[in-house]
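Start from the sequences and build out the full structure, keeping to the hints where you can.
The listed protein sequences derive, respectively, from chains A and B.
So the mapping is simple: the working numbering equals the position in the first sequence, first residue as 1, plus 4.
So the mapping is simple: the working numbering equals the position in the second sequence, first residue as 1, plus 4.
Mixed in with the good hints, there may be bad ones.
Within a straight-line C-alpha distance of at most 30 Å, the following computed DSSO-like cross-link-like pairs (lysine-lysine) qualify [to be verified]: (1) A:275 / A:291; (2) A:133 / A:54; (3) A:54 / B:20; (4) A:228 / A:54; (5) B:20 / A:133; (6) B:15 / A:133.
On the chain A side, residues computed to face chain B include the following (Cβ under 8 Å) [claimed, not checked]: (7) 81; (8) 137; (9) 139; (10) 140; (11) 141; (12) 142; (13) 143; (14) 144; (15) 147.
Simulated from the structure, these hints should not be mistaken for lab results.
The beta carbon of each residue, even a glycine, is placed where N, CA and C say it ideally should be.
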Amino acid sequence: MRVVVTGMGIVCSIASTVPSFTRALRAGRCGIGPVPDPGDGGPRLAALVKGFRFRDAVAARHRLPEETRRSALRAASRSPRPLQMDLVAAMQAFEQAGLHEAKADPERMGLVVAGHNLSSGYAHDLHPKYEDNPAHLPARFALHFMDTDRVGTLSQVFGIRGEGYTVGGASASGNVGLINAARLVESGAVDVCLVVGAMTDLSPMEKRGLATLGAVAGVEEPHKARCRPFDEDHEGFVPGQGAGCVVLESARSAAARGVTTLAELCGYDLKLDANSLPDPREEGEAKVMVNAMANAGVGARDIDYVNAHATATPSGDLAELAALRRALGDSFGRPWVNSTKGLVGHCMCAAGVVEAIATVVQMRGGFVHPNLNLRHPINDDCRLAPGRLRDADIRYALSNSFGFGGFNTCIVLGRER
Amino acid sequence: MTDAQIFETVKQNVLKVLPDLRPGDVTTEGTLTDLGANSVDRADVVTMSMEDLGLTVPVSEFQEVHDIRSLVDLLARHA
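Below is the structure:
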């Protein structure tokens with residue numbers, strides 16, 4: 005069964021909608037900037053969402069029925085901001101998929117929220133209140149601290165009554181969600197599935213922990229630091245705020261509803277690496293790329309573009325390019341390769357969904373976005389996108405996501421066949 | 005702290021939790037349920053009002069609350 009993309013939505017540091025995301029990718033806009041020194045040795049750079057106002061963002065979805073907008077405000081006006089961003093991204097995707105007009109059977113609609121440990125920042129912010137007087141914790145805390153609150157709230161707003169849950173795979177969570185949703189559609193469990201790359205609200209303690217492992221950029225000299233995927237001076241990732249939503253659907257359902265198909269999810273693979281560490285491994289990464297291409301029925305020479313996981317950690321970038329060489333063989337230098345994380349930072353659990361959206365946007369727009377801060381490439385054979393926009397005819401693309409603990413994933417996206 | 009002050013605090017929190025209401029909708033005669041509050045909304049009004057008033061009321065005592073007047077009375081006993 006063919007699985008297609010019929011809707012997309014995004015809120016991140018460089019865009020508040022998919023059209024503005026498209027413009028920002030073309031322009032190579034960077035959402036990364038300095039943040040106040042937390043004083044704990046944690047990261048001093050981040051790609052933050054600025055100027056987000058939930059009420060305005062809901063009002064902007066004026067093509068949706070008023071009842072949906074009212075329901076969103078009722079359900080989430082007092083929810084933590086990360087949930088509000090997830091909901092706004094999902095409203096955009098729901099609208100683009102035309103689910104408010106050509107409706108799907110509520111029991112044939114699924115909802116997969118990709119991510120885990122999503123609300124630690126929220127819990128951290130409430131801790132002083134708890135220390136002061138536990139009785140004054142908001143009653144909603146018991147709902148809001150759970151990742152599944154995103155599932156419950158979004159299902160209520162959209163009236164989704166089919167299968168739904170959260171799935172996790174560290175930084176690969178987004179792709180884990182897309183793959184799970186594709187399986188729900190392929191198995192016939194649902195006709196339509198919203199996949200939400202959930203905004204990950206890291207607490208200062210967690211960010212400090214990542215810095216301890218040497219994974220983040222800009223701890224020592226933030227004024228010099230950048231996110232530099234594939235550059236010899238790469239020094240780690242920059243945390244990014246972002247939420248994305250993709251509507252996956254069977255081709256039959258999309259045709260029956262008469263909606264436009266944006267792209268096809270042609271294939272995928274997800275394999276564990278039997279490895280609890282944060283260490284990326286070439287062999288396991290290559291394996292999922294090879295298997296995903298086989299699953300899609302395409303060969304290495306068919307791939308025109310790779311949206312790399314490329315967080316800008318030295319070990320990660322090197323392992324990924326070695327894996328790409330192994331997976332693509334003689335075609336290694338053929339496809340364009342770039343990293344969206346150079347523009348929006350590492351959106352953690354949402355990254356896979358954000359990057360799937362970036363891939364579809366570039367495929368449909370016929371371009372590859374710049375690799376920012378790439379001055380001295382770590383590899384001369386790979387066709388790394390330069391620091392400026394390039395036209396590109398993309399028929400098939402890979403989008404990689406790898407996570408601490410050995411989560412290796414790759415999806416193949418294609419223009420509709 | 006007067007009952008009127010406590011009611012005003014409760015009323016403001018009801019309006020925060022249920023922003024579609026008009027201020028005149030909230031009276032001591034009514035119940036939160038009739039105003040459209042669900043179980044968590046009602047609990048939110050309670051915790052927010054306790055915080056604003058600087059009070060701590062044991063959770064078990066809220067079982068006796070059946071309308072806005074009895075909520076105000078309970079908070080007043082602990083003030």
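For each hint given before, does the structure comply? Return the numbers of the non-compliant ones in rising order.
none
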